[in-house]
Amino acid sequence: MKSMITIVKEQISSFYLILRLSAFELKSANTNNYLGRLWEILNPMIQLTIYWFVFGAGIRKGREVPMDNGIDVPFFIWMVTGMIVWFFVNPAISASSRSIYSRIQLIAKMSFPMSAIPSFVIMANFYTHLILVAVVTVFLQFTDFKLSIYFIQLPYFMIATLLFLLALALVTSTLSTIVRDVQQVVQSVLKMLLYLTPLLWQTEHLMINGIDFIFILKLNPLYYIVEGYRAALLGTTWYPAEYPQLTLYFWITVVVLFFIGSVLHLKFRNRFVDYL
Amino acid sequence: MSETVIVKNVFKKYKMHRSPKEKLLDVVLPGGYGEDFYALQDISFTAQQGDVIGLVGVNGSGKSTLSNIIAGVIPPTSGEVTTIGTTSIIAISSGLNNQLTGRENIELKCLMLGFKKKEIKEMEPEIIEFADIGKFIDQPVKKYSSGMKSRLGFAISVTVNPDILIVDEALSVGDQVFAQKSKNKMFEFKEKGKTIFFVSHSMGQIKEFCEKAVWLEYGEIKKFGPVKEVIPEYEKFLKEYKSMTPEQQKKFREKVMQKQKGLAAKGI
Numbered sequence: 001m002k003s004m005i006t007i008v009k010e011q012i013s014s015f016y017l018i019l020r021l022s023a024f025e026l027k028s029a030n031t032n033n034y035l036g037r038l039w040e041i042l043n044p045m046i047q048l049t050i051y052w053f054v055f056g057a058g059i060r061k062g063r064e065v066p067m068d069n070g071i072d073v074p075f076f077i078w079m080v081t082g083m084i085v086w087f088f089v090n091p092a093i094s095a096s097s098r099s100i101y102s103r104i105q106l107i108a109k110m111s112f113p114m115s116a117i118p119s120f121v122i123m124a125n126f127y128t129h130l131i132l133v134a135v136v137t138v139f140l141q142f143t144d145f146k147l148s149i150y151f152i153q154l155p156y157f158m159i160a161t162l163l164f165l166l167a168l169a170l171v172t173s174t175l176s177t178i179v180r181d182v183q184q185v186v187q188s189v190l191k192m193l194l195y196l197t198p199l200l201w202q203t204e205h206l207m208i209n210g211i212d213f214i215f216i217l218k219l220n221p222l223y224y225i226v227e228g229y230r231a232a233l234l235g236t237t238w239y240p241a242e243y244p245q246l247t248l249y250f251w252i253t254v255v256v257l258f259f260i261g262s263v264l265h266l267k268f269r270n271r272f273v274d275y276l
Numbered sequence: 001m002s003e004t005v006i007v008k009n010v011f012k013k014y015k016m017h018r019s020p021k022e023k024l025l026d027v028v029l030p031g032g033y034g035e036d037f038y039a040l041q042d043i044s045f046t047a048q049q050g051d052v053i054g055l056v057g058v059n060g061s062g063k064s065t066l067s068n069i070i071a072g073v074i075p076p077t078s079g080e081v082t083t084i085g086t087t088s089i090i091a092i093s094s095g096l097n098n099q100l101t102g103r104e105n106i107e108l109k110c111l112m113l114g115f116k117k118k119e120i121k122e123m124e125p126e127i128i129e130f131a132d133i134g135k136f137i138d139q140p141v142k143k144y145s146s147g148m149k150s151r152l153g154f155a156i157s158v159t160v161n162p163d164i165l166i167v168d169e170a171l172s173v174g175d176q177v178f179a180q181k182s183k184n185k186m187f188e189f190k191e192k193g194k195t196i197f198f199v200s201h202s203m204g205q206i207k208e209f210c211e212k213a214v215w216l217e218y219g220e221i222k223k224f225g226p227v228k229e230v231i232p233e234y235e236k237f238l239k240e241y242k243s244m245t246p247e248q249q250k251k252f253r254e255k256v257m258q259k260q261k262g263l264a265a266k267g268i
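From first to last, the protein sequence lines stand for chains A and B.
For the first sequence, counting from 1, position 247 maps to 247 in this note's numbering; every step adds exactly one.
For the second sequence, counting from 1, position 154 maps to 154 in this note's numbering; every step adds exactly one.
Among these hints, one or two may not hold up.
Some chain A residues flagged as far from chain B (calculated, every beta-carbon gap over 12 Å) [as the list claims (entries may be wrong)]: (1) Ile12; (2) Ala23; (3) Phe24; (4) Gly58; (5) Val65; (6) Ala116; (7) Val135; (8) Asp144; (9) Leu217; (10) Asn220; (11) Ile260; (12) Val273.
The list that follows gives simulated cross-link-like pairs (lysine-lysine, BS3-like), each with its CA atoms no further than 30 Å apart [said to hold, decoys possible]: (13) B:Lys223 to B:Lys250; (14) B:Lys21 to B:Lys8; (15) B:Lys21 to A:Lys191; (16) B:Lys21 to B:Lys261; (17) B:Lys261 to A:Lys267; (18) B:Lys255 to B:Lys13; (19) B:Lys142 to A:Lys27; (20) B:Lys23 to A:Lys267; (21) A:Lys27 to B:Lys135; (22) B:Lys255 to A:Lys9; (23) A:Lys2 to B:Lys261; (24) B:Lys8 to B:Lys261; (25) A:Lys9 to B:Lys116; (26) B:Lys21 to A:Lys267; (27) B:Lys228 to B:Lys181; (28) B:Lys23 to A:Lys27; (29) B:Lys259 to B:Lys15.
Among chain A residues calculated to face chain B with C-beta under 7 Å, some are [claimed, not checked]: (30) Leu17; (31) Arg20; (32) Ser28; (33) Thr31; (34) Tyr34; (35) Ile178; (36) Asn270.
Simulated from the structure, these hints should not be mistaken for lab results.
In this text, all values refer to a predicted model and were calculated from it rather than measured experimentally.
For each residue, glycine too, the CB sits at the ideal point set by N, CA and C.
Could you build the full structure based on these sequences and the hints that come with them?
As C-alpha cells, then:
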C-alpha cells in the first residue's frame, strides 16, 4: 500500500516532466525519416489494408459484424475501431517494458524518479493515439456511424488504457531490467494478443467439445478496452454500465498489477544500474 | 569550513558470473550466487568545502566506481555516503541523446536535473556560450565530434552550478583552449567553496589543480592526504610497477585479485 502511494506521488510530482520528456521522445524517434511523423499514420493505414484484405475480404468474405444492439457493422469499420487501440497498446507495452534498461545510463545520473520513465514512454505513444482517434472519428462521419452521445465514454476508456499500461509497465520494465529475457516474453505475448483480442476476428461463442470458452478471451483486460472503444465510437451501448462484471474485473486487474509493479519497482530500483 | 562529502566504510561488491545460468541463479537465490568481487573495500574519507581532491590509481582500482557512488549514480553495497548539496558528474560519455540537437539536449538534461522551464531559458545562452560549438548547437548530437560532445556535456554540468562536481577524465578530450577554459571555470568553483573531485591519469593536471589526493589501489585507499605527500609516492609506485618484469607484474596482480575477492573484508 505504501509503495503504491509513493509511486502515485512521484507520478504527480513529475507530471510536467513526463509531458516534456515524452515530447522529446517523440521528436527523437522520428528525426531520421524524411516523412517524419507522417509515418505514425501511414504505418497503421498500410497494416489496416492488409488485415482487411486477409480477414475481411478473405476469411469473412465481406460479411458484416453484428453488434450488441442488433446493428450490423461493416467489417472494416468494426476492425478499425478496435485496431485503433492496438496501434497504441502494442508499441506502448513493448517500448515501456524496454524503457528502463535502455535509458538507465542516461538517466541514472539525474535526480528524478525512475518510475517516471515508463510513464513518459507511454505518453509519447499516447499523443500518436490521440491523432489516430481524431482521424478515425472524422472518417466515421462519412459512414453510418456518426458522432453520438455514447462518444463521451471515450475519455473514460482512454484513462483506463493509460492506467492499465502504466501498471503493467511498472511490472514489465522492472522485470526486464533484471532479466533481459522478459522482453522476449513480452514480445511473444503481444504477438499472441493480436489474435486473442477481438481485433481481427469476432465471435460470440467459442465452443470446444460443447463448452463455451469465450470467458477465456474475456480474461484479457484488453477485451474490455477494445469493446469499450468500439461502443463509444460506433455508439452502440454504455459499455461500462452494460457489463459491470467486466468493468469490475478490469479495475481489479489494474490495481493488482499496480500493486505488484510498485512493490517490485521500489524494491529493485536502487540496484537497476547493477543489472546492466 | 564545513564538510560536504562524508564517505564512511563504503564497500561495493559485484558478483562475477561465468555463464547465464549463474546469473539467473544469482537473481533467484535469496543469498545470491557467484564469486564476489570487491570493487571498493572499506573506503572512508571526508571532503571539506573548497576541497579539490584528485582520485588517482591504475586502471581497475575503483576510481570511476567511487566517483559514481559519490554522485549517487550507483548505490554502495554497504556503508554510507552523505553529500551536502547537489552533485553533478561529468564523464566522457556525458549522456547526451544522439538524435536530438544540442539545444534540445540542453533542455532535456536540465529538465531531468529538475530545473523549471524559465530557469532553463536563462541558462541556455550561458551554456551555449561556454560550449562554443557555433552552428552545431542546432545540429543533432550524432553529427558532433567527440570533442564537441564533451564540451557540451561539460558546459551543461558546470552551468547548472552544482555544489559538488565530479570530473571523471572528461578534460582529456578537449583541446588546449577548452581545457584552459574548463580549468578557469574550475578555479572559479574552487574559490566559491565548492567541492571538486577530479579523476585523471595526468599527474600534471592533478598537481596543478588539487590540494588533496586519494590514491586507490585495487579498491582500497592506499593513501589519502595532501597532494604533495600522495603524488610523489604514487609516482614512485608507478615507476616500480613499470620496471617490474612481466612475471612480477603478474604476481602482483594475482595478489591484489585475491584481495578483491574479499579477504580484506572480514568485517561483513
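Evaluation of the provided hints:
1. Ile12: Fine: 15 Å to the nearest Cβ keeps Ile12 of chain A off the interface.
2. Ala23: 10 Å, violated
3. Phe24: Not fine: 5 Å to the nearest Cβ puts Phe24 of chain A too close to chain B.
4. Gly58: 40 Å, holds
5. Val65: Val65 of chain A is indeed farther than 12 Å from all Cβ atoms of chain B, at 42 Å.
6. Ala116: About 10 Å separates Ala116 of chain A from the closest Cβ of chain B, which leaves it inside 12 Å; violated.
7. Val135: 26 Å, holds
8. Asp144: 44 Å, holds
9. Leu217: Its Cβ never comes within 12 Å of chain B, the nearest being 33 Å, so this holds.
10. Asn220: 28 Å, holds
11. Ile260: 17 Å, holds
12. Val273: 5 Å, violated
13. B:Lys223 to B:Lys250: 23 Å, holds
14. B:Lys21 to B:Lys8: 35 Å, violated
15. B:Lys21 to A:Lys191: 27 Å, holds
16. B:Lys21 to B:Lys261: Holds, because 21 Å separates the two Cα atoms, which is no more than 30 Å.
17. B:Lys261 to A:Lys267: 27 Å, holds
18. B:Lys255 to B:Lys13: The hint holds at about 18 Å.
19. B:Lys142 to A:Lys27: 15 Å, holds
20. B:Lys23 to A:Lys267: 19 Å, holds
21. A:Lys27 to B:Lys135: Answer holds: Lys27 of chain A to Lys135 of chain B is near 20 Å, not above 30 Å.
22. B:Lys255 to A:Lys9: The given pair, whose Cα atoms are some 50 Å apart, is violated under the 30 Å limit.
23. A:Lys2 to B:Lys261: 38 Å, violated
24. B:Lys8 to B:Lys261: 21 Å, holds
25. A:Lys9 to B:Lys116: This hinted pair holds, its Cα atoms lying about 19 Å apart.
26. B:Lys21 to A:Lys267: The given pair, whose Cα atoms are some 23 Å apart, holds under the 30 Å limit.
27. B:Lys228 to B:Lys181: Roughly 25 Å separates the two Cα atoms, so the pair holds.
28. B:Lys23 to A:Lys27: 37 Å, violated
29. B:Lys259 to B:Lys15: Within the cut-off at roughly 15 Å; holds.
30. Leu17: 6 Å, holds
31. Arg20: 5 Å, holds
32. Ser28: 4 Å, holds
33. Thr31: Thr31 of chain A check passes; min Cβ-Cβ to chain B is 5 Å, inside 7 Å.
34. Tyr34: 15 Å, violated
35. Ile178: 6 Å, holds
36. Asn270: 5 Å, holds
Of the hints listed earlier, those the structure fails to meet are numbers 2, 3, 6, 12, 14, 22, 23, 28, 34, in rising order.
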